[in-house]
Amino acid sequence: MKFYVCIKQVPDVDAPIQIKEGNLIQDTDRMVLNAYDASAVEEALVLTEEHGGEVEVVLVGPEKAKETIRKALAMGADKATHITTDNDVDYDSAVYAKVLATFFEDKEYDVISCGKQSQDTDAGLAGSMLAQHLDLPYATNAVGLSMEEDKLVVKRQGDAGQEIIGLPQPCLVTCSNDMNEPRIPSLKGIMQSKRKPMETIALSDMNLDEAALSAKTKVTGYMEKPEREPGQKFEGEPDELAQKVATLLDEEENVI
Amino acid sequence: MSTDVLEQATGLNFELSEEQQLIRDSIRDFVERHVKPGVKERDASKEFPHDLVKKLAEQGFMGMVHPEKYGGGGVGHVSFCLAIEEIARWDASLALTVASHTSLGSGHIALAANESQKEKYLTPLAKGEKLGAWCLTEPGSGSDASGMKTTAIKKGDKYILNGTKIFITQGSVGDIYVVLAKTDPDKGTKGISAFIVEGDWDGVESGGKMEKLGMNSSDTTEVIFEDVEVPEENLLGELGRGFVDTMKVLDGGRIGIGALSVGIARGALEESLKYSGERKQFGSPIGDFQAIETKIANMATEVDAARMLVHRAAWLKDQGKPFTKEVSMAKLFASELAVRAADEAVQIHGGYGYIKEYHVERFMRDAKLMTIGEGTSEVQRMIIGRELKKEYWG
Chain H
1 MKFYVCIKQV PDVDAPIQIK EGNLIQDTDR MVLNAYDASA VEEALVLTEE
51 HGGEVEVVLV GPEKAKETIR KALAMGADKA THITTDNDVD YDSAVYAKVL
101 ATFFEDKEYD VISCGKQSQD TDAGLAGSML AQHLDLPYAT NAVGLSMEED
151 KLVVKRQGDA GQEIIGLPQP CLVTCSNDMN EPRIPSLKGI MQSKRKPMET
201 IALSDMNLDE AALSAKTKVT GYMEKPEREP GQKFEGEPDE LAQKVATLLD
251 EEENVI
Chain P
1001 MSTDVLEQAT GLNFELSEEQ QLIRDSIRDF VERHVKPGVK ERDASKEFPH
1051 DLVKKLAEQG FMGMVHPEKY GGGGVGHVSF CLAIEEIARW DASLALTVAS
1101 HTSLGSGHIA LAANESQKEK YLTPLAKGEK LGAWCLTEPG SGSDASGMKT
1151 TAIKKGDKYI LNGTKIFITQ GSVGDIYVVL AKTDPDKGTK GISAFIVEGD
1201 WDGVESGGKM EKLGMNSSDT TEVIFEDVEV PEENLLGELG RGFVDTMKVL
1251 DGGRIGIGAL SVGIARGALE ESLKYSGERK QFGSPIGDFQ AIETKIANMA
1301 TEVDAARMLV HRAAWLKDQG KPFTKEVSMA KLFASELAVR AADEAVQIHG
1351 GYGYIKEYHV ERFMRDAKLM TIGEGTSEVQ RMIIGRELKK EYWG
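In the order they appear, the protein sequences are chains H and P. Note that our numbering gives residue 137 to position 137 of the first sequence, counting from 1, and the numbers run on in steps of one. Note that our numbering gives residue 1304 to position 304 of the second sequence, counting from 1, and the numbers run on in steps of one.
No lab work stands behind these hints, which were simulated from the structure alone. Hints may contain errors.
Pairs of lysine to any residue residues, derived as SDA-like cross-links and limited to a Cα-Cα distance of at most 20 Å, are as follows [unchecked claim]:
1. Lys1274(P) to Ala15(H)
2. Lys196(H) to Glu1018(P)
3. Lys1274(P) to Asp14(H)
4. Lys66(H) to Gln1021(P)
Simulated restraints on C-beta separations [what the hints assert, rightly or not]:
5. Glu181(H) to Lys1209(P): 29 to 37 Å
6. Pro1067(P) to Glu54(H): 26 to 34 Å
7. Asp106(H) to Glu1293(P): 54 to 62 Å
8. Glu1226(P) to His51(H): 54 to 62 Å
9. Glu199(H) to Gln1319(P): 31 to 39 Å
10. Glu148(H) to Arg1312(P): 56 to 64 Å
11. Glu1058(P) to Glu148(H): 29 to 37 Å
12. Glu181(H) to Lys1046(P): 26 to 34 Å
13. His51(H) to Gly1156(P): 58 to 66 Å
14. Lys1274(P) to Glu63(H): 33 to 41 Å
15. Ala123(H) to Glu1293(P): 35 to 43 Å
16. Glu1119(P) to Asp205(H): 48 to 56 Å
17. Ile201(H) to Glu1058(P): 32 to 40 Å
18. Asp1051(P) to Ala123(H): 38 to 46 Å
Here are some chain H residues pointing at chain P (derived, C-beta under 7 Å) [to be verified]:
19. Glu67
20. Arg70
21. Ala74
22. Ile184
23. Pro185
24. Ser186
25. Leu187
26. Lys188
27. Ile190
Where is the CB? At the ideal position from N, CA and C, for every residue including glycine.
In isolation and in its complexed conformation, chain H is listed as follows (with noise of 0.2 Å):
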């Protein structure tokens, strides 16, 4: 089985985030592999040490992201393509989209899988616009998956419960942080990691075009969550408090 795991650099959730006149100031030394492509890498090697294969991730990102690779390798995956990209580019969805269905054009493949979303956006469309573009059956928001013969088994958290559905492969899905708890890269895991095959391609080398890699949204500016204003707090008797309240609520707030 072949499974290519589709993995991001984030900011780390944990460190302090900054905004200035409308920028996102980030501390780009704390980066990290997206939690939710963790829980796809570790799906992937629990699945291909149950039934065989190899498990590749790629990565679409500047070149400080090689560490993140670094630590998927050292998870357990047996190699990784890394498509290089400048620094200061950003990106939306439906670029990572449009380049890694480029990349997976000439590729053969059983699964391809990757975060239900990414921590830094939370906008959760690229896989299912690499599924639109590879013309794959694809589910999203897995909290589990299994084999089953030549159908690839998801168990998915719908709106109104877990659905389970079979996929024919090749396929697309993509991963709830819930399914799995991501091992922690050993020594060993870490050692080996360095010996395991990286092709870097350029994402310039890739003949993609001006409006393949021109992002379909743009953020205007960044602020602040509002802080929360404090509520009003009344003293009294049972029933005058409640008819106080209700009138608030009827000709101030116009809810009732």
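Starting from the known structure of chain H, fit chain P onto it as the hints suggest.
Chain P only, in chain H's frame:
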């Protein structure tokens, strides 16, 4: 830094390599997931955490610096320091277990053993399948090893070992002991040799668990050797060279104690930063008061300074350069900082610092061992003084 990076580096370089960052992040994740929860309970129960040691072994952290050929991690001592610091940040007892097992018991074997001894003993130690203990200190002799009373007298193809060792880390949970003993009592330190002794041999007995100020879930006992028959092939290193090797093992051990001290001090700093932001008095967080701010600024500055001293000593060792003076400086400064920082952290926490609901009182109790173990602060100053006189007076 790992040697491959250093060979490429020119001049000073304060950046960790990608590999070192991965090691640090992995052990940090491990500590957050497995070590931090339950640390107060382990301190209270004083039980040795066999389950955590097993997990650390599975992750490859029980023999990081030993060669891959013998099941070790094959990384340098800077990486080792990063790991020890991360563990000590939350659980100094566990860090002490890892550091002493790696640097002392296994360290002496890695330094002085022959090939077959390494295969037989270093391999299970480096893989963490067995625990190592190093038996140097005696009731009547510490840093002055020449006063040791334990003897190993040759009888046929065996040595007969007799004596009592004290303050032995992994004294009761250890499987493999390295024991220093006098093979020629008339020759002073030149009559000291080292032996590898298996814990289940006849005549090897651990004394009861010692009640300590801190480091509660690390194992410290007496170990008594009574007419233990040690086969001559278990002589470790050359006959009469045990003291020389011991000094080298101690130098290596001080790297671990330095890193452990940095971890405790960092814990004190981070807990103080957190608390001083949350605790409000007179209408503002106490961290906004200059008196508290000054304490925290001093702690942060000294933690960085201590870490740099420790990493320099580790780096020198990895380069194969002399590091006796530098590691004593690192151990001295870092250990005294650990005590100072833990004390300040308790002060910053006020009444809450004095109760066991918060972590800092444990840091204070644990930290004190740092200025004592692997040579007291006074002994470190003696070594530094002696090395300086060698350099300047010749």
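For each hint, the structure was consulted:
no.: 1; hint: Lys1274(P) to Ala15(H); in the structure: holds, 14 Å
no.: 2; hint: Lys196(H) to Glu1018(P); in the structure: holds, 15 Å
no.: 3; hint: Lys1274(P) to Asp14(H); in the structure: holds, 14 Å
no.: 4; hint: Lys66(H) to Gln1021(P); in the structure: holds, 12 Å
no.: 5; hint: Glu181(H) to Lys1209(P): 29 to 37 Å; in the structure: holds, 34 Å
no.: 6; hint: Pro1067(P) to Glu54(H): 26 to 34 Å; in the structure: holds, 30 Å
no.: 7; hint: Asp106(H) to Glu1293(P): 54 to 62 Å; in the structure: holds, 60 Å
no.: 8; hint: Glu1226(P) to His51(H): 54 to 62 Å; in the structure: holds, 57 Å
no.: 9; hint: Glu199(H) to Gln1319(P): 31 to 39 Å; in the structure: holds, 34 Å
no.: 10; hint: Glu148(H) to Arg1312(P): 56 to 64 Å; in the structure: holds, 57 Å
no.: 11; hint: Glu1058(P) to Glu148(H): 29 to 37 Å; in the structure: holds, 31 Å
no.: 12; hint: Glu181(H) to Lys1046(P): 26 to 34 Å; in the structure: holds, 29 Å
no.: 13; hint: His51(H) to Gly1156(P): 58 to 66 Å; in the structure: holds, 60 Å
no.: 14; hint: Lys1274(P) to Glu63(H): 33 to 41 Å; in the structure: holds, 34 Å
no.: 15; hint: Ala123(H) to Glu1293(P): 35 to 43 Å; in the structure: holds, 41 Å
no.: 16; hint: Glu1119(P) to Asp205(H): 48 to 56 Å; in the structure: holds, 50 Å
no.: 17; hint: Ile201(H) to Glu1058(P): 32 to 40 Å; in the structure: holds, 36 Å
no.: 18; hint: Asp1051(P) to Ala123(H): 38 to 46 Å; in the structure: holds, 41 Å
no.: 19; hint: Glu67; in the structure: holds, 5 Å
no.: 20; hint: Arg70; in the structure: holds, 6 Å
no.: 21; hint: Ala74; in the structure: holds, 6 Å
no.: 22; hint: Ile184; in the structure: holds, 5 Å
no.: 23; hint: Pro185; in the structure: holds, 5 Å
no.: 24; hint: Ser186; in the structure: holds, 5 Å
no.: 25; hint: Leu187; in the structure: holds, 3 Å
no.: 26; hint: Lys188; in the structure: holds, 5 Å
no.: 27; hint: Ile190; in the structure: holds, 5 Å
Violated hints: none; the structure is consistent with every hint.
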